[in-house]
Structure formats: structure tokens, C-alpha cells
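Using the hints, put the two chains back together into the complex; each one sits in its own frame.
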Amino acid sequence: MMPRAKLKAQKVEAANALLDGRALPQGGAWITRARSDAEQRVRDMGLPTKRDEYWRYTDPRRLTSADVVAGALHDTQGEAPAFDAFDRVKLVFVDGVFDADASDPMALDGVEICQLSQAAMTDLHWARDIYGALEARGQSPVERPLASLNTAYATEGVLIRVTGKPAKPISLIYQRKSETSDAMVHHVIRVESGAEATILENGPFATRFNQVMEVDIADGGTLHHIRAQGRDHERAGSAHFFARLGAGSHLKSFTLTANGALIRNDSVIWLDGGEGSAHVAGATVGDGAFHHDDTVFITHGAPRCESRQVFKKVLRHGAVGVFQGKILVDQIAQLTDGYQISQSLLLDEDAQFLAKPELEIYADDVKCSHGSTSGEIDSNQLFYLRARGVPEDTAKTLLVLAFLAEALDEIADPAYAEDLRARLEAWFERRG
Amino acid sequence: MLEINNLHAELEEDSGVKILKGLSLTIKPGEVHAIMGPNGSGKSTLSYVLSGRDGYEVTEGSATLEGVDLLEMEPEERAAAGLFLAFQYPVEIPGVGNMTFLRTAVNAQRKARGEEELSAGEFLKVVRAKAKELQIDAEMLKRPVNVGFSGGEKKRNEILQMAMLEPKMCILDETDSGLDVDAMKLVSDGVNALRDAGRSFLVITHYQRLLNHIQPDVVHIMSEGRIIKTGGPELALEVEENGYADLMAEAQA
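Quick note, the sequences are listed as chains A and B, same order.
Here the working numbering is used: the first residue of the first sequence is 1, the next is one more, and so on.
Here the working numbering is used: the first residue of the second sequence is 1, the next is one more, and so on.
Don't read these hints as lab results, they were simulated from the structure.
No experiment lies behind these values; they were computed from the predicted model shown.
A couple of the hints might just be wrong.
Claimed, not checked - Straight-line C-alpha distance at most 27 Å; calculated DSSO-like pairs for lysine-lysine: (1) B/K142 - A/K252; (2) A/K396 - B/K111; (3) A/K177 - A/K90; (4) B/K132 - B/K142; (5) A/K6 - A/K50; (6) A/K396 - B/K154; (7) B/K142 - B/K154; (8) B/K185 - B/K130; (9) B/K142 - A/K396; (10) B/K132 - B/K154; (11) B/K130 - B/K142; (12) B/K130 - B/K168.
Just chain B, with the same shape it has in the complex (with noise of 0.2 Å):
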């Protein structure tokens, strides 16, 4: 599914800031994988480079996406293409409705896959239908996007976005940060619900706890900008009683 081979990224400003230092990665369809590491590896960096952001500059190595080549893509192709990133800090759009929002972005795909757009009824029924098991009120669905939303409703939103979207390969960043135990729960059901056999997940965490919830197959240990360990569930226990000092003491060595 996502393939990523020897990446290499730098922040465009401040150039020579190299935050990917050859990072490689492989998830095939229906996995779940988890990237765990200290603050200022990469993690997020690794989320924005995948998605298309502006800001980075790829230096060397490669991604793709079933076979195509994720870097050269517009970050709305790379969507169309069935790219998903749940923000770790979701943006608010004053003035955008959440289902103008949902409905254009929905519609916009489709049409880039060649499928026919849905109409105003059939989008209704569909996102009502799923909007209601993220327990997203329709209040909710009506206000202009995470405009007032706490942290958990922000974080309902991105999944109830997944939902929608049914994208292949799912990048949750820090999708745990914000929320309390009944939020992380609500957002793994929704999370887990989406779980197949045709569709692949990144887990980007800091903690072992939000895999308790949406179980991992793979574990990988990332710092300063590569993956230094892949196990699997058992890794991320690890870390949670030991930390990462070890382990990085362990890749230096």
C-alpha cells in the first residue's frame, strides 16, 4: 500500500534543517502500523512531507502510494488518490459550513476518480447515517468547521472526515493528544469501525495507550528522522515502562 524508501526532507526556511534522514517504510493493505518516538524525530514532519504540505523540500528517497508516486502529487490528488491525514491540530474555518465542507470535499474526490458526484440527498443520508455512531449531533454537522469545537469534537470531526472519505491509507497524527479516556475510546471505535482489509493506517503517538484502543500489527521506533526499531505490539510496551532512552542508546550503539 504506502511504501516509503530512504527519505530524506529539510525545511524549505532555515535551509539545511534536516528533519528526515532516510527513512524507510512499508505497509501493505489491511495493516495497522504504529510510529512512536520522542518529540522532535520527525513524526509529524514524516505526516506533512506524505500529505503534501508546503514548507519541505525532499532531498532524496521516495513514496508511493499503490505503486504511484505520492511526491510528485498536488496534496488534493494525493486525497484523491486515497491520502488521508487526521490533523494533530485540526484547522478551524470560519465561514465554511462542516457539510458544505464535507459535501465539496467528498464531491471533489469522486469527480477527480471519474465517479459521479452525490447529490444533496444522498450525501445527507450517508453522513447523517455517519456522523450519528461518532455521536456528531447535528448542531455540530451545521457549524462552520471546528469553529467552537472542543478538543474532542475537533478530533470526532477528523474521523467522521475519514468516514466519509473512505480513503485507503489512513496517517492519524497524534490523534490522542487532547482527548480524555471517553474521547480516545469514542475516536478508536470510529477508528477500528474503519478497519479492512483493502485499508492501511499510520498510528503516529507519543504513548502506548491509544494502542490499547486501535491495536497495531507493526510497531516502529522513530528518532531523529529514521526508524531505529520495528517490532510488534510488545515494542510499544516497552517503551511505555522503559522510555526511549534505551532504545536510542541501543541504535546509537
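Chain A on its own, in the form it takes in the complex (with noise of 0.2 Å):
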């Protein structure tokens, strides 16, 4: 075994390897003082490897290197992109960069939007008190330098200001059109007291991306946020969700994973404030070389608010699957309701989950339960179906809708859980 110390020197010289010599990009006094604090703490920090206590399923060299895994365009055979028939402000970003061109105008009553890129040329903006703060807090107790090197070096993205409610949502869309592109993109979204917005994303992104989004929901705030990541096959990154919810207020998170060489899916979040909700979810598919990580972290550091992480994930011919999700509950946070379960639905024996679910409470009167489980498909009612007439490939289908379903029935508009829904019974009908 390999002394701390010598690790921790490891690491910061492979930091330093990689920053030596990379000029932080030009903007204002705000931004300018927020990467170079952001690269200070990756010097500091030294870059992620997998002898990291939250590294130990997943190895993030490919996250980490200098050069790009160069990966095959993705041929989507037709299927439309997550969303498609919804009315909605597009924002597209191509390989990573922003593309006005096939945006919409950035105009929508209830919200102030603009670009991560302009609003760095000046020298004052809403959004200092959030861009790098979030995710700097986020460092403490678990390390995430990725998040802190895409907070130095970013300079794309948008800054979302929800100041009432939006008729539409607000939709982020990633295209990957290069087969080398490695994107970094920063987003800051704040929700004013007692506003409401949807917020989708969805699309490949890029060959390799690195993301970071910073949520800061005012007392009673509202954000649903949906994500949709696939199906490309040829893909890596690491995509960070900062959430800081004040009293009352309410958060849904919720992500569709389909397909990636490697994908790994930090949610932090600290409900700050009282009788706080916050929900994340995620439904993943994964068939072949897919490696797939979702690491959680919900604070409750006020009394009387309510968190669930329902994670899902269905699995075969050597996909991977890692949960590593935390409920912490300061001593404060009393009534704490806390849930968490992460399942598997292993479909052959070379698909492989791995969990680590974790509690640490310091409040005496809250409710916490977790579980965790790994299974194959329940042969009794594949039986029923098939005895009523269902073809086994249809009945295995429906049975792994119905093992998802719980995750999707967090998103709480129906018409997007239908959209997701339909998409995974295709991606099932087409791999059979």
C-alpha cells in the first residue's frame, strides 16, 4: 500500500503536469479571481485517481489525461432527440460551444439568460456569488477537483436568472459532431424567492465533457430539472450538479443515462433552509462496454426537510454500474425525512453493480431508511405475462419499465416521464 503522503504528492504533481503553462481565459475582475481560486484548489487538491475513497469503482484516468480518447460519431438510426415535441427555449451547444445560430432568441418572460462568455467580460455579474462557490463548498467533506478545474477553465455556458414562471422550459442540448472534442461547460441557475422553471438537458456532448452546474434556489424556489444523456456509445464525462435550496423550497433532479464509455454523475446538494425538498433520480441502461457512476451527496442542515434518491439501473454484457449516495444529517436537521434506494436489474451474469449507500446522522429525531439491491428479472412474473399470451422479449421489456418506473415517476410533469419512457422501450425493442 502506496503512503497517504506519497499518493497526496502523486496527485498534485499530476495536477500541476497538466496546468503548468494553460493560461486561465480572459474576463473580468469577478470571473478571473473565481478560476484562479478553482485552479489554486486543484494544485491543491491534485487530480482524482482511482485510490480516492470515492474513485474506487471507477477509474478516472480517462477524465484526466491530456488528450481525448478519439471516439466514432454516433449514428442515431432515425430516433429523434429527447424532447423533440415539446415548446421549448432551445439552447444548443455543439462539441461544447455555444451555437446562436441554432438557439433560440434568449428571450422568455420570467427569466434573465445570457452567456457564460459575455457575462465574463464584465467586471460585475449576479452570478459571482455563485460560479465557483457552490462547487467550491462542494469540496468539503469529499474532494471533486474535475468540478474545480471545469470552474478555472470553462468558458462556455449559460447563466440562468428565474424570476418568475416561465411559461416554457428552458432546454440545454448537446450535440457531438467531432470525434475529438473534449468540451467544458459551466452553468449557473438561480431561482428567485417563489419562482418555478423546468430546465432539460440532453444530447451526447462531446467526445469527452466535463461539466458543472451551480443551482442556488432562493426560499421558496421551485427548479425540476431532467436530463436525458445518450445513447452515444463513444463517450466520456464527468458532469457535477451543485444545488443549495433555501427554506421551503423544492428541487427535482432527475437523470436518464443511456449507453457511454464512461459517465460519471455527481448530485451535491445542502438543504440549507427548513421544510426544504430535494429529489434526485436516475434511470440508467446500460448494454456492453459501459461503465456508468452516479455519487450522491444531500445534506440536511435544517429542520423538518425531505430528501429521496431513487436510483435504477438495468445492466447486461459487461456493463457497470456504481451508487454511492449519502445522506448526511447535521445536528440541526431534526424531522429529517430521508430516503434512498438504489437498485439493479442485472439482465446476464457479466453485468456487475456496485453500491455503497451511506448514513451519517447527528440529529436524534429523524427518519432515514436505505436499501439497496441487485437482482434478475423475477421469473414468476415473466411466467404470468407469458402464460397470458406476452411474448417473452415483451414481457422482459415491460418488466424492465416496470423496474425503472419508480425512478420516472419522480419527474412530476407525466408528458416528460412519457417522452423518457418511450425512449427506453425503443432502445430495449432495438437491442432485443
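Here it is, written out as C-alpha cells:
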């Protein structure tokens, strides 16, 4: 076993090697400070390695290497992109670069939207209290150097300030057109008091991506976040979602992941005010060379809050799914209601599910439950369906969709849930 | 309709455990046959072997439905050919709505038989009418299959499936188990409504009381994997009065 100090020195050395000689992007005073602070954090923490506690199940090398592993472009076989049928404000990024021509005007009642690249050139911006600030807060107690790297070097992204209840969702669309793209995108979302919005994200992003979304929800605000990552096999990426919730505010964040060589999704959430709620859910389908990691950390820092983590993974042909989920309940957070479930359905003996559920509770009057299971298709259910005339493949698809339903049910608007469910059904029908 | 000839079956696991040991039975169109027998006589195994459940190996004999070999078919093919098993323990399927399940099953069978699939509207009309007869409310139709259903609701749901699928040969595996008197009447009325000249029933039960509601044409007594006696409805009454012991002793003599 390598001594701790030596491991740390190696991590720092790797960070310095990656960053030395790399200039921070140009920008105004507020962002330059945020970027240089973040760069220093990366140098202090070093780059992640598989020896780190939260990278034990997922090797980060492909995410930290100097060069991108090239990946062939994905043939969608005519499948329409997610959320295609919905009326929304579309903001398109191609290989991580904002494409104004392909995007809708950034005008919608109840929302202010601007590009990070433009805001960065101003000396003062509302986002300065959030940009890099939530990411920095999220470095403790678990280090997340990839997110700091993003804060330091990202030049693309949007800053969204929700002041009312916009009539349409804001849809962030990530297209991949290059076999070697290496994207870094950083979004900031501020939901003002009493405001409510829906943010959609979809698309394969880039050959390699590093995304950070920082979300600040003021008292009584509500954010719905629905993300569809898929179904491009040849890409790798890391997405960090940091969210701070004020009193009486609500967050629902759902992610569908289909395929991907290596995807790591970190969600870091703080319930800072009383009587708030945060629901984080994910449905994952992986077939073949697929490694998917959901790492969730929810901190109850105020009384009478509710949190739910619902993660479901369907895996086969060597696909690997990881779940690391934590509920931390501070001493002050009495009457916390915390729930966490992570389940995998292994469709053959080659697939693998690794789960690490954790509870850390310092308050004495709380309700927290967690469970993690791994299983195969129930043979009684399968026979029952077949005995009614449902062919075996159809019956299996029905049962797999039923397994994923609890996660999809976390999406508040059933229209979006149905859009994603139909895609999953098509995915299984295509794959047989 | 159903012809079973010298059927032998054993468990795939624990190989060597023989359950059916030369069972023969012929059911003509429109007939209702009952099979009675003590625990462990192989009644439920017969229903599983006929419907194609994994875990049993047929070592000898045959079973045909309208002359077609059942044992060579997948479970879904047997269903499409007209065989229906009402389960002793209907299975709960969380996450699959009862309506979705019914419609998928009805249309899968129609498709397998080369018939046109029912539209959502047509299906809804039919299912509502049939559900009403069985006192199955809209709420039960919306819920996931059998999840949170009482014993009686589960059995009524089985009969609703039977009514929707309109099979030729219905096997009822201890449909009376777990039912109170009112529920038994409701379920039996549902079954009786489906009786017609082109449809046959095989009713598996421990007790004679179900046969007061669903009157059989023929009663078989099963013991140790075989039919040991066949008679009319009076045979069921004899069992009710004297138990199986006399009949079993008689068979061994």
C-alpha cells in the first residue's frame, strides 16, 4: 500500500503537469478571481485517482488525461432527440460550444439568460456569488477536483436567473459532431424567491465532457431538472450538479443515461433552509462496454426537510453500474425525512453493480431509510405474463420498464416521463 | 378439446422426484371437469405442466389441445392457442398497470392468431363492460397488476383476464382458495357466464363447495400423480362426506 503522503504528492504532481503553462481564460475581475481560486484548488487537491475513496469503483484516468480518446460519431438511426415534441427555449451547444444560429433567442418572460462568455467580460455580475462558490463548498468533505478544473477553465455555458414562472422550459441541447472534442461547460442557475422553472438537458455532449451546473434556489423557489444523457456509446464525461436550497424550496432532478463508455454524475445538494425538499433520481440502461457512476451527497442542514434518492440501473453484456449515495444529517436538522434506494437489474451474469449507500446522522429525531438491491428478472412475473400470451421479449421489456418506473415517477410532469419511457422502450426493442 | 394421455412429469431440480405418473384425461368441448385430490397429489403441477412453466420435465406421454401438441409450445404460444390458467396465487407486478397488462396480452394473442389488434378505444369499451360484471372498479384497473389487491380481488382479476382473452380451455387452479362466500359466488358467476358449447373448463379444487357454484359434468379424483377415479358430480359429494382415505385405499386394493 502506497503511503498517503506519497499518493497525495503524485496527485498534486499530476495536477501541476496538466496545468503548468496553461493560461486561465480572459475575463472581468469577478470571474478571474473565481477562476484563479479554482485553479489553486485543483493544484492543492491534485487530480483524482482510482485510489481515492470516491473513485474506487470508477477509474478517472480517461477524464483527467491530457489527450482525449477519439470516439466514432453515433448513428441515431433516425431516433428523434429527447424532448423534441415540447415547446421550449432551445440553447444549443455543439461539442461544448454555444451555437447561436441553432439556438432560440434568449428571451422568455420570467427568466434572464446570458452566455457565460459574455458575462465573463463584465466586471460585475449577479452570478459572481454563485459561480465557483457552490463548487468550492462542494469540495468538503469529499474532494471533487474535476469540478474545480471546470470552474477554472470553462468558457462556455449559460447563466440563468429565474425571476418568475416562465411558460416554457429552458432546454440545453448538447450535440457532438467531432470525434475528438473535449468540452468544458459551466452553467449557473439562480431561482429567485417564489419562482419556478424547468431546465431540460439532452444530448451526447462531446467525445469527452466536463460539466458543472451550480444551482442556487432561494426561499420558496422550485426547480425541475430533467436530463437525458444518451445514447452515444463512444464518449466519456463527468457532470457535477451542485444545488443549494433555501427554506421551503424544492428541487427535482432526474437523469436518464443510456450507453456511454464512462459517465460519472455527481450530485451535491444542501438543504440549507427548513421545510425544503430535494429529490434526485436516475434511470440507467447499459449494454456492453459501459461504465456509469452516480455519486450523490445530500446534506440536511436545517429541520423538517425531505430528501429522496431513487436510482435504478439495468445492465447487461459486461456493463458496470456504480452508486455511491450519502445522506448527511446535521445536528440541527431534526425531523429530517430521508430516503435512498439504489437497485440494479442484471440481465445476465456479466453485468456488475457496485453500491455504497451511506448514512451519517447527528440529529436524534429523524426518519432515514436506505436500501440497495441487485437482482434479475423475476421468473414468476415473467411466466405470468407469458401465460397470458405476452411473448418473452415483450414481457421482459415490460418488466424492465416496470423496474425503472419508480425512478421515472420522480419526474413531476408525466409528459416528460412518458417521453423518456417511450425512448427506453424503443431502446429495448432495438436491442432485442 | 383437451386430451392428456399417460402424462409423466418430474421436477427438473431434485431430479428423480416424479410428480405426474401416468395421468390420462379427455375433456370434450363445452364440458366442465373437476379434479379433486389431497395435498401433494400433483394437481397444481398438472396445471403448470400444461401451461408451460419452467422447472418440470415431461418424461412420457402427451397433451394436446384440439389435436395440437401443447408440450412443444412456449407458454405464450399455448395461450394464443386458447389455453388459460387461472393462477392459484396470481402474481403481483409492480410498475405494470393492470390495463396495460390486459391490453398487451389481448393484442399479443390477437396478433399471434393473425387477427387485427384492438384499438385503445375498443379495448376500453370491452374491458369496462366486463369489469363491471365482476364488480371490478376503475381504480382496480388503473393500479399495478395485483399489487395491493385482496385475495378476492386477485381472483376476480384472473376471471377478468379470462373474460378478455376468451380462451377455449380454462384451467382454474384452486380458484376458491382464500375466498369468502360472497367472493366465491362472484367468481363463480363470472366463470358460469363464460360457459358455452365451445369452451371447456378444468376446475382444480380441494373442496366440494366450489362445485356447488360451478357445476361439473365430470369429477376426477387424483392421487399420487394419477386419476384414480372418475365419476359424476356425486363423486365430489362422496369426498366431502368421507374424505379421500377410502377412495385411495380402494385404488390401491
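Self-check item: Earlier hints that do not hold, by number
Solution: none
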